[in-house]
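Visitor: Kindly produce the complete structure, drawing on both the sequences and the hints.
Number of protein chains: 6
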Amino acid sequence: MKFLTFGEIMLRLKPPYHERLFQGLMLEATFGGGEANVAVSLANYGMDVSYLTVLPKNAIGDACVQTIRKFGVDTSRIQRGAGRMGIYFLEPGANQLPSKVVYDREFSAIALAKPGDIDWDQAFSGIDWFHITGITPAISESAMLLSLQSVKAAKEKGITVSCDLNFRKNLWKYGKNAPEVMTELVKYVDVAVANEEDCQKSLGIKVDADVESGKLDVSKYEALTNQVLAQYPDMKLIAITLRESQSADINGWAGCLNDREQFYLSTRYEIRDIVDRVGGGDAFCSGLIYGLNAFTGKQDALEFAAAASCLKHSIIGDFNLVSIADVLNLMGGDASGRVQR
Amino acid sequence: MKFLTFGEIMLRLKPPYHERLFQGLMLEATFGGGEANVAVSLANYGMDVSYLTVLPKNAIGDACVQTIRKFGVDTSRIQRGAGRMGIYFLEPGANQLPSKVVYDREFSAIALAKPGDIDWDQAFSGIDWFHITGITPAISESAMLLSLQSVKAAKEKGITVSCDLNFRKNLWKYGKNAPEVMTELVKYVDVAVANEEDCQKSLGIKVDADVESGKLDVSKYEALTNQVLAQYPDMKLIAITLRESQSADINGWAGCLNDREQFYLSTRYEIRDIVDRVGGGDAFCSGLIYGLNAFTGKQDALEFAAAASCLKHSIIGDFNLVSIADVLNLMGGDASGRVQR
Amino acid sequence: MKFLTFGEIMLRLKPPYHERLFQGLMLEATFGGGEANVAVSLANYGMDVSYLTVLPKNAIGDACVQTIRKFGVDTSRIQRGAGRMGIYFLEPGANQLPSKVVYDREFSAIALAKPGDIDWDQAFSGIDWFHITGITPAISESAMLLSLQSVKAAKEKGITVSCDLNFRKNLWKYGKNAPEVMTELVKYVDVAVANEEDCQKSLGIKVDADVESGKLDVSKYEALTNQVLAQYPDMKLIAITLRESQSADINGWAGCLNDREQFYLSTRYEIRDIVDRVGGGDAFCSGLIYGLNAFTGKQDALEFAAAASCLKHSIIGDFNLVSIADVLNLMGGDASGRVQR
Amino acid sequence: MKFLTFGEIMLRLKPPYHERLFQGLMLEATFGGGEANVAVSLANYGMDVSYLTVLPKNAIGDACVQTIRKFGVDTSRIQRGAGRMGIYFLEPGANQLPSKVVYDREFSAIALAKPGDIDWDQAFSGIDWFHITGITPAISESAMLLSLQSVKAAKEKGITVSCDLNFRKNLWKYGKNAPEVMTELVKYVDVAVANEEDCQKSLGIKVDADVESGKLDVSKYEALTNQVLAQYPDMKLIAITLRESQSADINGWAGCLNDREQFYLSTRYEIRDIVDRVGGGDAFCSGLIYGLNAFTGKQDALEFAAAASCLKHSIIGDFNLVSIADVLNLMGGDASGRVQR
Amino acid sequence: MKFLTFGEIMLRLKPPYHERLFQGLMLEATFGGGEANVAVSLANYGMDVSYLTVLPKNAIGDACVQTIRKFGVDTSRIQRGAGRMGIYFLEPGANQLPSKVVYDREFSAIALAKPGDIDWDQAFSGIDWFHITGITPAISESAMLLSLQSVKAAKEKGITVSCDLNFRKNLWKYGKNAPEVMTELVKYVDVAVANEEDCQKSLGIKVDADVESGKLDVSKYEALTNQVLAQYPDMKLIAITLRESQSADINGWAGCLNDREQFYLSTRYEIRDIVDRVGGGDAFCSGLIYGLNAFTGKQDALEFAAAASCLKHSIIGDFNLVSIADVLNLMGGDASGRVQR
Amino acid sequence: MKFLTFGEIMLRLKPPYHERLFQGLMLEATFGGGEANVAVSLANYGMDVSYLTVLPKNAIGDACVQTIRKFGVDTSRIQRGAGRMGIYFLEPGANQLPSKVVYDREFSAIALAKPGDIDWDQAFSGIDWFHITGITPAISESAMLLSLQSVKAAKEKGITVSCDLNFRKNLWKYGKNAPEVMTELVKYVDVAVANEEDCQKSLGIKVDADVESGKLDVSKYEALTNQVLAQYPDMKLIAITLRESQSADINGWAGCLNDREQFYLSTRYEIRDIVDRVGGGDAFCSGLIYGLNAFTGKQDALEFAAAASCLKHSIIGDFNLVSIADVLNLMGGDASGRVQR
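Protein chains in written order, with the numbering used here: chain A, 27 to 367; chain B, 27 to 367; chain C, 27 to 367; chain D, 27 to 367; chain E, 27 to 367; chain F, 27 to 367.
Simulated from the structure, these hints should not be mistaken for lab results.
Please note: incorrect hints may appear among the correct ones.
Put simply, identical chains are the same to the list, so a pair is met inside one copy or across any two.
What the hints assert, rightly or not - Dumping the calculated DSS-like pairs for lysine-lysine here, alpha-carbon to alpha-carbon at most 27 angstroms:
1. Lys83 / Lys195
2. Lys181 / Lys246
3. Lys202 / Lys246
4. Lys262 / Lys181
5. Lys83 / Lys202
Guide: Right under this line is the structure:
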């Protein structure tokens with residue numbers, strides 16, 4: 027089983043610890059982006075995974091390739107082109123103060139890449155599973171066209187397609203809104219991942235739940251997933267992440283999954299000292315993709331996804347640098363955090 | 027509306043993260059002090075504010091001026107004189123271990139400044155609102171005399187005077203105790219801010235509440251504020267900050283306000299992962315001053331103060347580096363800490 | 027009263043803050059080990075304490091001696107010999123993710139030290155109290171022989187012997203298991219300290235309590251301590267640490283003590299933002315040893331131990347760098363964490 | 027005398043010390059750009075100086091304004107507009123390894139600003155001296171048009187215009203080459219600063235000197251400056267910086283000046299442990315502008331410029347954070363570097 | 027052309043900047059070792075290179091694999107086995123104070139690996155060029171046996187063998203001295219690299235040159251290389267690095283090469299602000315191996331090696347993170363260190 | 027032989043690397059002062075040395091004691107009293123830019139200590155050699171009185187007295203000038219150390235040499251030392267440090283010594299990349315004191331002092347953390363800086 031993920035990776039600049047942006051002299055410089063995060067996580071679980079993106083031809087692009095390769099991802103399909111490396115600045119929140127992202131990702135190499143720039147036959151050669159997100163079609167018209175090309179090509183070749191709907195309200199600035207594009211793209215998706223807001227803002231499917239309140243009514247999520255599955259007959263299953271934001275440090279976290287046969291709900295985790303929650307959804311996606319391939323039961327796959335992404339909240343950076351053993355330990359019920367020596 | 031604040035600013039030396047003093051090689055070096063913190067915060071809210079202090083004529087004083095100016099405070103009234111820059115060392119606590127302040131502020135330039143060194147006509151030129159605290163009269167006899175001069179001069183000129191009573195038990199070493207001075211100074215104050223201990227230790231007015239317990243009986247605060255207002259007939263309103271210290275990391279936080287017409291109580295915030303609580307009271311003061319000038323209702327002013335100072339607990343350093351939008355977001359009820367992107 | 031502790035000290039390498047091992051360029055380099063931690067803590071409380079170990083003859087060993095001496099421990103009995111400095115890597119956990127220790131302590135100077143290398147008459151000259159742990163006999167056969175020699179010699183000389191049973195499952199690799207050795211060694215112990223797992227794994231005495239659950243049934247600990255005391259007639263008292271691991275950040279913490287006359291239970295502390303829990307048990311031991319010598323009542327001694335070790339969880343590194351005043355303040359009931367200035 | 031400088035300021039990201047880009051987790055984040063560097067330096071010398079640029083409406087732009095204001099520059103004329111903050115990555119060299127700049131400055135707010143976006147009457151209100159560089163017209167066609175507008179408007183208003191020719195070969199990508207624009211722009215310049223390469227690449231005027239060799243034939247510079255002055259009859263004087271690059275750490279440094287009446291040559295400085303040479307030319311410009319206004323003799327002005335910019339090589343960041351006293355000390359012949367205490 | 031290098035890689039722990047070991051809290055943690063350094067450098071030049079070593083089965087070993095892979099080296103042949111990761115501590119020198127290495131590399135996984143643990147048929151599958159050093163046979167008897175096995179197997183398979191003699195006086199502790207082993211091993215070497223001391227201490231061939239003086243008499247090196255070539259008839263060429271140590275910061279650096287047909291001498295570089303000289307010899311080796319494969323002339327190959335290794339002295343860490351373009355630039359004569367932008 | 031040194035130790039605050047004061051968030055916090063530096067250095071050479079000072083009763087004083095004790099100095103004679111810890115800020119220079127010291131040492135505990143506060147019988151108990159400097163009498167009138175008491179008491183007890191004249195022009199502010207005091211104090215000195223400026227400014231003895239030029243005429247120093255010895259008949263010998271300041275990074279360094287029988291001149295060292303020159307003179311003093319006690323010949327003692335203090339310039343902080351072996355290696359002529367492994 028060989029995996030391919032496709033999308034944008036950015037340079038992430040964050041002040042250390044809880045400093046404000048530019049309060050001190052230093053910024054932590056890492057790389058991250060939804061699809062790259064999934065690729066790194068799959069490689070980290072021992073999967074054979076390739077990552078496709080377009081990077082600038084400069085030292086920043088080179089460093090990005092090295093970072094991805096470090097974690098065992100195949101970088102041979104990465105293309106280098108005109109345009110810049112997208113950047114996002116992350117100012118860390120705490121308590122009632124939210125973390126803030128300042129995007130500086132316009133005119134990136136992948137945003138400038140046009141249909142024709144990527145040879146999908148080559149890109150998909152040997153690939154069994156393809157992962158994309160709702161971010162790529164949001165960054166530019168040409169990236170949207172590439173995204174649609176990619177899922178259609180994958181579908182034609184019989185490749186399983188997974189997609190994290192991932193609605194980003196500050197993108198989608200090129201003239202289309204999210205539902206115009208995503209309702210088309212999702213037709214080609216076998217495995218969908220989303221949160222409640224994604225369903226509503228990307229697909230226009232709304233459940234009567236208050237995502238801002240920090241308290242979730244899980245029962246309504248079966249209805250929501252049924253609605254999505256009804257609307258997209260080729261979709262095999264959909265998983266929803268359930269985040270209850272009580273503060274920047276304290277979140278409830280769980281997931282549910284509907285495979286048309288059954289509705290599954292994961293263990294709920296209370297995370298009380300969040301170290302870094304960016305990439306939590308990506309950690310869920312990669313956990314789910316791994317789980318669906320490694321376990322026979324859907325409950326196990328979902329529990330792996332939930333436990334893996336719960337652990338992400340304790341890791342600095344976008345990448346979920348936990349081992350299978352870490353996840354299995356938590357899945358097995360040990361959330362005690364006792365020192366392992 | 028132009029504001030002036032007057033008092034001491036110190037060099038603040040704190041080990042990084044949770045290190046003990048001198049456990050590692052490095053100390054975080056910032057600047058802070060009650061009245062400067064208020065000035066920076068007001069400037070940060072877009073107010074026209076000037077800060078008056080006396081600084082030494084050396085590179086440390088120069089750097090201090092730069093830091094204040096960086097945040098948009100008018101530094102043109104700052105005087106340079108004999109004496110040193112006061113310093114405070116801050117060792118961070120956690121859980122049951124309290125943070126500790128070691129003062130090294132004796133013989134500072136402002137402590138040595140004498141009546142006559144400051145021309146109050148010049149200092150108050152164009153000023154509408156003057157802010158002082160109970161710290162300045164505590165540092166030396168001459169600073170006490172300057173403090174009394176300042177509020178009297180302000181009053182004569184029809185300038186609104188606000189004062190944070192701010193009792194500091196390790197100061198007041200020059201021969202007077204706090205009530206001897208503060209009961210006189212407060213006569214000239216229009217807007218007072220205090221906590222329960224300040225009322226008792228500075229004004230000798232006691233409410234039967236246990237400030238150490240971490241649990242506060244709010245009902246008693248109406249009585250307390252009524253007592254203060256009864257004793258100081260020119261005082262227009264008094265606000266009290268309500269801190270419930272459960273541990274170095276977990277505090278309840280709220281405020282109340284009595285304007286002789288009504289007693290207002292703010293939303294109570296539970297802060298569970300305090301990043302830095304020094305300057306919390308100053309953030310309340312500046313929030314209140316801003317709120318009283320920006321909103322028509324006292325409840326709104328109080329809520330702004332409470333929300334602004336709640337957020338301070340998530341910011342490193344004395345200065346409350348949050349935006350009006352951050353405060354309004356929390357006032358509007360969003361304490362979820364969800365990533366803003 | 028002069029104290030001696032004997033055992034291994036290691037170089038401790040930990041990434042800063044919550045970084046994964048080798049995620050950044052830097053590692054925090056400190057030193058620590060059970061018996062050294064106890065010595066530093068006793069010196070910190072003003073006790074006259076000497077530390078005995080074997081260190082390599084190189085710059086790493088020199089730095090280790092300096093570090094111990096810095097805190098006022100007498101280092102004149104430390105020997106220098108063949109072998110290396112043991113190292114442990116510590117990867118910090120958070121929430122459901124446990125901290126992890128990677129040991130690199132094989133072939134250390136103390137593991138290679140053989141009976142005959144230490145002259146116990148000299149080592150014990152002037153000593154009244156000797157402290158050892160269950161770690162030293164676990165590291166090598168020769169270290170085990172030295173450990174048995176030490177307690178026998180101490181006993182003969184009428185020196186009080188305290189021992190932290192400290193079971194480490196990844197040691198004991200030289201051919202003996204823990205109970206084979208520890209049941210012998212404990213015969214010479216006057217004051218034993220352990221947790222539930224230590225009693226079971228080191229002495230084979232089991233109480234029906236679930237140490238992994240994070241919830242402890244205190245009542246069962248009286249039975250456990252009675253069992254141990256019954257089996258070891260020369261043991262004067264045993265104290266048990268009670269840790270409830272709810273997560274890597276949140277632990278309940280208390281201790282109990284049985285002196286054959288009475289069963290004492292300490293205050294229970296809820297620690298909600300653990301900074302560093304390594305060395306918590308050692309902080310309990312040193313607090314208890316100090317308490318037994320400084321207070322007349324056992325309850326006070328136990329409370330000192332519990333409060334001291336509670337505070338350790340807020341300190342970076344193995345050493346419990348808190349003052350007697352800090353501990354007495356918490357023992358006195360002030361867990362409010364209010365800034366001390 | 028009030029000064030205005032106009033141009034782009036960028037976020038500068040440099041790894042600490044001599045690390046490669048992304049070798050460690052951290053990047054030093056400062057701000058810098060030719061015209062901003064000149065403004066900060068003039069403010070630092072106590073001059074009344076305003077800086078004009080266009081910055082994005084986000085937290086990065088806010089931080090940039092704060093940084094400029096910190097040093098006493100008037101930021102009230104800065105405009106906020108569409109587009110991003112330009113960035114440059116700086117990888118430090120040493121010995122034979124050159125420092126490298128990776129530009130990420132396309133689509134910056136100032137590059138997108140169009141004629142009409144800046145009201146030159148307002149911008150020049152109260153201004154006596156205007157400084158611009160050859161970088162601004164190189165970044166985009168619209169910025170070139172603004173640049174030409176600016177010098178023409180300044181000239182009309184009788185404002186002295188200074189210009190650092192500053193040729194950058196990796197800019198000029200919008201369809202014009204440097205001489206096409208610069209030969210026009212320089213017509214309006216009273217005081218020009220350049221190095222040999224600037225003269226050749228920007229104005230097409232070549233002197234037969236080998237700038238790469240690290241050894242300069244000063245005598246040829248009189249001819250070069252005469253040529254420039256001959257070609258631009260309104261130019262009052264031109265100064266040339268003379269850098270002999272022996273390695274990334276060791277440079278010779280001097281300047282010369284031709285005011286049509288006399289040719290002046292400054293003291294030559296040997297700088298053997300360069301800390302940061304970026305901004306050296308800007309430090310010369312600001313030193314010269316200060317010197318021409320502060321001294322009556324041209325030799326003094328030139329010596330001030332040379333000494334000030336010599337000292338810049340010992341300062342981290344783009345800004346020349348030295349005092350007038352530092353410069354006068356070096357001008358006075360004390361290059362001994364003895365500790366001042 | 028596919029390359030294989032074989033040897034030990036260690037964790038390298040160095041205090042930042044010029045700190046003494048344990049002067050501050052932090053150590054820079056990187057990885058390095060002669061043969062790994064060569065592999066990383068070849069990968070960096072775009073070569074297809076695999077690295078063979080034995081690493082422990084723990085998180086330190088995992089991080090090491092990631093680091094090697096990051097730079098594009100094939101890590102699939104790396105074996106995991108019993109034993110630890112070797113460590114070396116590096117205390118940086120300056121001026122007259124030498125840098126110091128404290129080895130903690132005994133009992134490493136590769137030192138414990140025995141003949142039979144590595145399947146040389148598999149290891150050499152597809153390999154054209156094999157690189158080894160004189161360090162591996164010095165670390166343990168079994169590693170010596172593996173080293174001899176490796177060169178014999180390579181020779182049999184017609185693989186080109188290169189060897190850096192690399193004498194280390196603090197190794198060779200298992201009962202053999204260097205010449206006993208190296209005179210045998212070198213029989214199988216096609217391309218030898220050494221410095222003067224290596225020839226003498228490893229092969230017993232002495233030239234009358236004073237390596238400590240900082241001044242080298244190049245003429246004697248032709249004689250030395252002739253002697254070596256005479257003694258080892260299968261050796262095709264030998265290159266010698268010529269380091270003149272004037273101080274810890276200032277070295278002369280050059281190389282020479284004798285291919286039995288001609289004696290070549292490279293450009294001599296004066297390096298005056300050494301950033302990190304560890305790995306300089308490895309950078310020469312990898313530069314030479316690249317050069318011999320990329321250029322037709324031996325002079326070019328030697329110049330590439332000399333320039334590449336000259337640049338290494340400006341790079342932190344063992345790895346020579348420079349590009350082919352950097353090296354060609356210096357080979358082309360540009361040692362000016364001018365900022366590239 | 028037991029040594030005692032007496033004087034002030036300060037907290038030293040320096041920005042990292044080459045940052046300006048307050049350019050970044052961090053300051054390096056170490057401790058240092060002439061007499062403490064000598065004590066640490068002597069302890070470092072294995073001498074039995076005690077350090078006497080007066081420190082404040084707070085956490086800063088505690089940390090200072092720990093730091094001194096770490097290096098093996100006996101701290102049992104240190105007194106704690108009223109007053110603060112003196113501080114000095116150090117801004118690092120480079121090239122032509124001098125390092126700058128900002129003193130904040132007024133009102134320190136030792137400056138406030140009065141005659142009677144120190145029991146000289148107790149202080150000198152068991153002491154054979156006493157070291158003082160010209161700094162202590164410069165800080166306050168009472169410290170001057172204590173200084174005079176100390177040397178008289180020492181002399182009476184037959185203790186050898188050494189003194190580093192150490193003129194500091196920014197001290198001596200209490201009403202006496204240096205010669206008024208020092209000409210008296212030096213009468214009791216057996217071993218004097220000074221530089222040319224000290225002789226002139228402290229004793230009024232001038233040699234016609236230009237200390238600012240960076241070039242020293244050694245021949246004149248014999249005359250100078252003869253003059254001093256003539257004037258102080260009880261002085262047994264005087265040593266002079268010879269610093270040629272070419273820049274902040276490049277100094278020539280040597281020493282000379284006159285013992286009334288012979289004039290000795292040490293090797294001259296060229297230090298070209300100074301890491302930290304503060305404490306260089308103290309390193310010379312401690313090297314000389316060690317040398318006079320360890321070697322029979324004066325030339326050896328002087329060479330040890332010169333080599334030891336040469337090496338200090340490569341060490342961060344006031345303390346000369348080099349070993350006897352390091353010094354002997356340099357004395358032996360090896361200034362090559364070759365890596366020791």
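Visitor: Take the hints in turn and mark each one as holding or not.
Guide: To see whether the hints hold, each was checked on the structure:
Proximity of Lys83 and Lys195 under a CA criterion of 27 angstroms is satisfied inter-copy only: 18 angstroms between copies versus 29 angstroms inside one chain copy. When the C-alpha separation of Lys181 and Lys246 is checked against a cutoff of 27 angstroms, the pair qualifies neither within a copy, at 31 angstroms, nor between copies, at 62 angstroms. Taking the closest pair of Cα atoms, Lys202 and Lys246 never come within 27 angstroms of each other, the shortest separation being 30 angstroms inside a single copy and 58 angstroms across copies. Taking the closest pair of Cα atoms, Lys262 and Lys181 come within 27 angstroms of each other only inside a single copy of the chain (13 angstroms); across copies the shortest separation is 57 angstroms, beyond that limit.
Proximity of Lys83 and Lys202 under a CA criterion of 27 angstroms is satisfied inter-copy only: 24 angstroms between copies versus 29 angstroms inside one chain copy.
Consistency note: the structure conflicts with the earlier hints numbered 2 and 3.
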